[in-house]
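Based on the hints, put chain B in the right spot on chain A.
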Amino acid sequence: SQQGEEDPQALSIQEGENATMNCSYKTSINNLQWYRQNSGRGLVHLILIRSNEREKHSGRLRVTLDTSKKSSSLLITASRAADTASYFCATGGYSTLTFGKGTMLLVSP
Amino acid sequence: KAGVTQTPRYLIKTRGQQVTLSCSPISGHRSVSWYQQTPGQGLQFLFEYFSETQRNKGNFPGRFSGRQFSNSRSEMNVSTLELGDSALYLCASTGQGSDTEAFFGQGTRLTVV
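As you go down the protein sequences, you meet chains A and B in turn.
Residues 2 to 110 in this note's numbering are what the first sequence lists, from first letter to last.
Residues 15 to 127 in this note's numbering are what the second sequence lists, from first letter to last.
Don't read these hints as lab results, they were simulated from the structure.
Since the structure is predicted, the reported quantities are computational estimates derived from the model, not experimental observations.
Beta carbons: idealized from backbone N, C-alpha and C, even for Gly.
Worth double-checking, as some hints may not be accurate.
Claimed, not checked - Label-pair restraints from in silico Cβ distances:
hint	chain 1	residue 1	chain 2	residue 2	range
1	B	Glu-115	A	Glu-18	26 to 36 angstroms
2	A	Thr-21	B	Ser-41	34 to 44 angstroms
3	A	Glu-18	B	Thr-94	40 to 50 angstroms
4	B	Lys-27	A	Glu-56	28 to 38 angstroms
5	B	Phe-74	A	Lys-27	19 to 29 angstroms
6	A	Glu-18	B	Gln-32	16 to 26 angstroms
7	A	Glu-18	B	Pro-22	36 to 46 angstroms
8	B	Glu-96	A	Gln-10	26 to 36 angstroms
9	A	Glu-54	B	Ile-26	40 to 50 angstroms
To be verified - Here chain A is said to cover these stretches of chain B; the calculated rule only asks that three of the stretch's residues, wherever they fall, bring their Cβ under 8 angstroms from a Cβ of chain A:
hint	segment
10	21-29
11	98-110
12	114-122
Okay, chain A solo, but in the shape it has when bound:
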């Protein structure tokens, strides 16, 4: 079963623009993670935010978490063509992740 639901399902932007993806989840969590997947390959861990954190930054990534609304957002600033990928939020234990359906991001040069 899917824990998270990403929104939008697909997003198309130009290089240099910001991309925002949202994730909603159903049950209480200890942490929430974001992963990137390039064209049907393996997933790459981007960032983890704990339930007692509201915002976290990593390079051009900014993640927010609102546990009262059971939602999280991932902001990628100054997008590049290389950011083209699918992005997934995930909850659960570190080795038993429950993923959302993902947002497909297309960044055009």
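Showing chain B alone in chain A's frame:
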């Protein structure tokens, strides 16, 4: 250090056959998890092995099984293949300690014809 290695990368099998996929985790990682990814169902957790024991299991039929060896390498087996088993199978290894992330392999693309 080397990442998670999955073999083979691609497989084509016929309905009714069985298949074995292999995963070598990052050195020192004792937890190996398997996921199935399909366009319809997305990413779904299959099972997790830790120190040669299945520690967690997802909601999949008994045709899906796995095991882990003493060197932490893991295999998953699917018996009596069905068309719906066509998917990308991903393996992830996780270290110990708090806030440890899962490291994924490149996956095995299984096509059942």
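How the hints compare with the structure:
As the Cβ distance of Glu-115 (chain B) to Glu-18 (chain A) is approximately 28 angstroms, the hint placing it in 26 to 36 angstroms holds. At roughly 37 angstroms, the beta-carbon separation of Thr-21 (chain A) and Ser-41 (chain B) lies within the given 34 to 44 angstroms, and the hint holds. For the pair Glu-18 (chain A) and Thr-94 (chain B), the beta carbons lie near 49 angstroms from each other, so the given range of 40 to 50 angstroms is met. The hinted range of 28 to 38 angstroms is not satisfied by Lys-27 (chain B) and Glu-56 (chain A), whose Cβ atoms lie roughly 46 angstroms apart.
Against the hinted window of 19 to 29 angstroms, the Cβ-Cβ separation of Phe-74 (chain B) and Lys-27 (chain A) comes to about 21 angstroms, which satisfies the hint. Between Glu-18 (chain A) and Gln-32 (chain B) the beta carbon distance is about 48 angstroms. The supplied range of 16 to 26 angstroms is therefore violated. Look at Glu-18 (chain A) against Pro-22 (chain B): about 39 angstroms separates their beta carbons, and that is inside 36 to 46 angstroms. Look at Glu-96 (chain B) against Gln-10 (chain A): about 27 angstroms separates their beta carbons, and that is inside 26 to 36 angstroms.
For Glu-54 (chain A) paired with Ile-26 (chain B), a C-beta distance near 45 angstroms keeps the hint of 40 to 50 angstroms intact. With a threshold of 8 angstroms between beta carbons, the proposed coverage of the segment 21-29 of chain B by chain A is violated, since 0 of its residues qualify and at least three are required. With 4 residues having a Cβ less than 8 angstroms from any Cβ of chain A, the segment 98-110 of chain B passes the three-residue criterion, so the hint holds. Restraint check on the segment 114-122 of chain B versus chain A: 8 residues with Cβ-Cβ distances below 8 angstroms, three needed, restraint holds.
When held up to the earlier numbered hints, the structure conflicts with 4, 6, 10 and fits the remainder.
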